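What follows is the residue order along each chain.
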Amino acid sequence: MIKHNLLLVLYIVSLILSILVGFLIGYRSILPVMAETHFIWDKIPNFSALFGFFGSIVLLTVSMMLKMVLSRDEDYYDESDDLG
Amino acid sequence: MAMWMHPGVLIIIGSLLLPVIRDKRLKKSYFIFLPVLSLVLLILVSFNLFGDIPFTSWNIHFLDYDLVLCKVDRLSMIFAYAFTIVTICANIYSYHVKKDLEHIPAMLYFGSTLGMIFAGDLFTLFIFWELMSLTALFLIWSNKTQNAKRAGFRYILWHIFGGVCLLGGILLHLHNTGSIDIVKFPWGSGIEYLSSYLILVGFMVNAAVPPFHTWLTDAYPAATVTGAVYLSAFTTKSAVYILIRCFSGINVLIWIGAIMAIYGVLFALIQNDIRKMLSYSIISQIGYMICGIGLGSNMAINGSIAHAFCHILYKSLLFMTAGELIASTGKTNLSDLGGLYKEKKATFWIYMIGALSISGFPLFSGFVSKSMIIESSAYLNQPFVWILLELASIGTFLYIVLKVPRSIWFTKDKRPNIDMIRSPINMYIGMGILAALCIIIGVYPNLLYNLLPYPVDFDPYRASHILSSVQLFLFAFIPFWFIRDRFKNENKIILDIDWFFKKIGGGFMTFCRSYLGSFRDSVNDSVSNTIASLVYLINFKDAKRVSVDYYLLSVIVLFLIFFIYYVMML
Chain A
26 MIKHNLLLVL YIVSLILSIL VGFLIGYRSI LPVMAETHFI WDKIPNFSAL FGFFGSIVLL
86 TVSMMLKMVL SRDEDYYDES DDLG
Chain B
1111 MAMWMHPGVL IIIGSLLLPV IRDKRLKKSY FIFLPVLSLV LLILVSFNLF GDIPFTSWNI
1171 HFLDYDLVLC KVDRLSMIFA YAFTIVTICA NIYSYHVKKD LEHIPAMLYF GSTLGMIFAG
1231 DLFTLFIFWE LMSLTALFLI WSNKTQNAKR AGFRYILWHI FGGVCLLGGI LLHLHNTGSI
1291 DIVKFPWGSG IEYLSSYLIL VGFMVNAAVP PFHTWLTDAY PAATVTGAVY LSAFTTKSAV
1351 YILIRCFSGI NVLIWIGAIM AIYGVLFALI QNDIRKMLSY SIISQIGYMI CGIGLGSNMA
1411 INGSIAHAFC HILYKSLLFM TAGELIASTG KTNLSDLGGL YKEKKATFWI YMIGALSISG
1471 FPLFSGFVSK SMIIESSAYL NQPFVWILLE LASIGTFLYI VLKVPRSIWF TKDKRPNIDM
1531 IRSPINMYIG MGILAALCII IGVYPNLLYN LLPYPVDFDP YRASHILSSV QLFLFAFIPF
1591 WFIRDRFKNE NKIILDIDWF FKKIGGGFMT FCRSYLGSFR DSVNDSVSNT IASLVYLINF
1651 KDAKRVSVDY YLLSVIVLFL IFFIYYVMML
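Those protein sequence lines, which keep their order, are chains A and B. Note that the first sequence covers residues 26 to 109 in our numbering. Note that the second sequence covers residues 1111 to 1680 in our numbering.
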């Protein structure tokens, strides 16, 4: 249990640290070569964090919906499939 | 200058000697020696022992054409290296297997892949292309289950379709241009580009581009534990190779690739069979490569090649770990596994190396290759492609780093009550080498970048890039953790495009058997009876008695024949 809590604390610390570092270095602008921004959202600091969070929600929702629509019982194909 | 030896032909001939060797230990050593020999050959080629790269050799004049069996350049060399390295590891991994009927197709498959990679003209390409499908079929069939048999049939049907498209395209191209060189095919819209379209479809079947992808998710989970490792490496990546050569920079491929990447991810997220999930994962990763090919800039092409190289290594590694689990537990579904961390610690850590590589975590191989493709999409100003590819990255992380380890090694309450078989040490050696390579490439990306055909002006280890990848994954973890229990594995199958083929095809077969069958029977009866009546009319003695109906029918037929004869005489 202690191990579990330690992991959780470590995780939260790394979350906060990454956000702080993100604000510090100004996302995608640490090197002069890469300083140009490709898209509008590159100007938002910590955009990756937002993208990761919401992207994950979108993917999980869509895949669960797909699963609801597309899942069938194991023997679904057994009747029609009589090859071999 | 020394005489060049084609490694593919060498392997094909060499593998035919396998069944002749009686001594078991010698046979096993020879089995590992074959791909090592190929690696030695490739290294000698790299040292320009056979001539400066690029060069061609083994030119054969056949009918009116000059066949070039061997064309070596930087592009073919890097793919040949990847295939050879992975075959060495796969052979070590399957060292304990005592089935010649599995080893021989595997080695023939490897040899024909090398043959295809080095092919210098379209005919040679086509021959090795077909040989690959055929040998892969026997590799699938070496698993003697009913499921493998059926999946094998479906596999070869798809590849016959692809092969026929390719052959048709090649012949049309030959008719239009008179040349069988492997070149970048002309592209545009209109019927005059039909040859290019057909060839592209042929290649796309092998690259498992949806909707031509179901052979992959069907056959790879049905193969043997060791056979699936070879299957996961060769067919799709050799298709990527040939797409790079012939169709780079075609806009439609950008979108095909990006959609494929997200399609594979969405389906992989909801699979229950481990190897089926990994198969969808292949589709997703091939999507990145095809997107890179479509983008077509030097950096994107470099990215596709680098990603193919890394993918061959880490996907085989993941198939190996999955195979090890399946072999020792006898279970293939995530829903039947759980809480194995204590027994399967080594497999867990090796798996995690592969998993972090595929999701592109810093210090692992996927990080240095995948980001090249994603960055190229940013350089070429394709925001939607960038979003789709980044989303696919998140999805990959979700299923391969979070969902699978949680289902297999943790969740103690689901631990199956089974006795596990100890896996032989050679399995771990094979996996270990690949895992080490994944880390080495991740830490020293220049080793890989130096092999690429175009000069690389790309540094993956920029602070901002590292930070953005880490943030992406750290924050993707939060929603997953909240719904982790609702996102459970169930013993269900997930429908895919093959529903159409299975249901409509099955319906068509039923129609043929019942309706068309009875129709054929009735036609058969009436024809035979009519003929019997005709015989009766002409020769009373030999014929059997027939009914009045058929007597009348035959009179009408005779009348019609005379009538037609009369009309034609006019």
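Please keep in mind that the hints were generated in silico from the structure rather than gathered at the bench. Computed from a predicted model, the values in this text were never measured in an experiment. Positions of the beta carbon are idealized from the N, C-alpha and C atoms, including for glycine. There may be inaccurate statements among the hints.
[As the list claims (entries may be wrong)] Result set (PhoX-like, lysine-lysine): computed pairs, CA atoms no more than 20 Å apart in a straight line:
#1 B/1452 / B/1441
#2 B/1522 / A/28
#3 B/1613 / B/1259
#4 B/1209 / B/1294
#5 A/28 / B/1452
#6 B/1613 / B/1441
#7 A/92 / B/1294
#8 B/1598 / B/1612
#9 B/1294 / B/1208
#10 B/1522 / B/1254
#11 B/1259 / B/1294
#12 A/92 / B/1209
#13 B/1209 / B/1259
#14 A/28 / B/1138
[Claimed, not checked] A few chain A residues that face chain B, going by a derived Cβ cut-off under 10 Å, partial list only:
#15 47
#16 66
#17 99
Verification of the hints:
1. Note on residue 1452 of chain B and residue 1441 of chain B: the hinted pairing holds, with a Cα-Cα distance of about 17 Å set against a maximum of 20 Å.
2. Of the pairs offered as hints, the one joining residue 1522 of chain B and residue 28 of chain A holds, with about 16 Å between alpha carbons and a cut-off of 20 Å not exceeded.
3. Under the criterion of a C-alpha separation no larger than 20 Å, the hint pairing residue 1613 of chain B with residue 1259 of chain B is consistent with the structure, at around 19 Å.
4. A C-alpha spacing of about 42 Å is found between residue 1209 of chain B and residue 1294 of chain B, which places the hinted pair above 20 Å, so the restraint is violated.
5. Taking the CA atoms of residue 28 of chain A and residue 1452 of chain B, the gap is about 16 Å. The hint holds against a cut of 20 Å.
6. Restraint check: the Cα-Cα separation between residue 1613 of chain B and residue 1441 of chain B comes to about 28 Å, which exceeds 20 Å; the hinted pair is violated.
7. Restraint check for residue 92 of chain A and residue 1294 of chain B: not satisfied, since their Cα atoms lie roughly 40 Å apart, outside the 20 Å limit.
8. Taking the CA atoms of residue 1598 of chain B and residue 1612 of chain B, the gap is near 27 Å; set against the 20 Å cutoff, the hint is violated.
9. Of the supplied pair hints, the one linking residue 1294 of chain B and residue 1208 of chain B is violated, its CA atoms being roughly 44 Å apart against a limit of 20 Å.
10. At roughly 33 Å between alpha-carbon atoms, residue 1522 of chain B and residue 1254 of chain B are farther apart than 20 Å, so this suggested pair is violated.
11. For the suggested pair residue 1259 of chain B and residue 1294 of chain B, the alpha carbons sit about 38 Å apart, so the restraint of at most 20 Å is broken.
12. Under the criterion of a C-alpha separation no larger than 20 Å, the hint pairing residue 92 of chain A with residue 1209 of chain B is inconsistent with the structure, at around 38 Å.
13. For the given pair, residue 1209 of chain B sits about 17 Å from residue 1259 of chain B by alpha-carbon distance, which is consistent with the 20 Å threshold.
14. Straight-line distance between C-alpha atoms of residue 28 of chain A and residue 1138 of chain B comes to about 45 Å, which puts the hinted pair past the 20 Å bound.
15. Interface hint status for residue 47 of chain A: upheld, as the beta-carbon distance to the closest one in chain B is roughly 6 Å, under 10 Å.
16. Interface restraint check: residue 66 of chain A against chain B, minimum CB-CB distance 8 Å, threshold 10 Å, status holds.
17. Here the hint on residue 99 of chain A is kept, as its CB sits about 6 Å from the closest CB of chain B, short of 10 Å.
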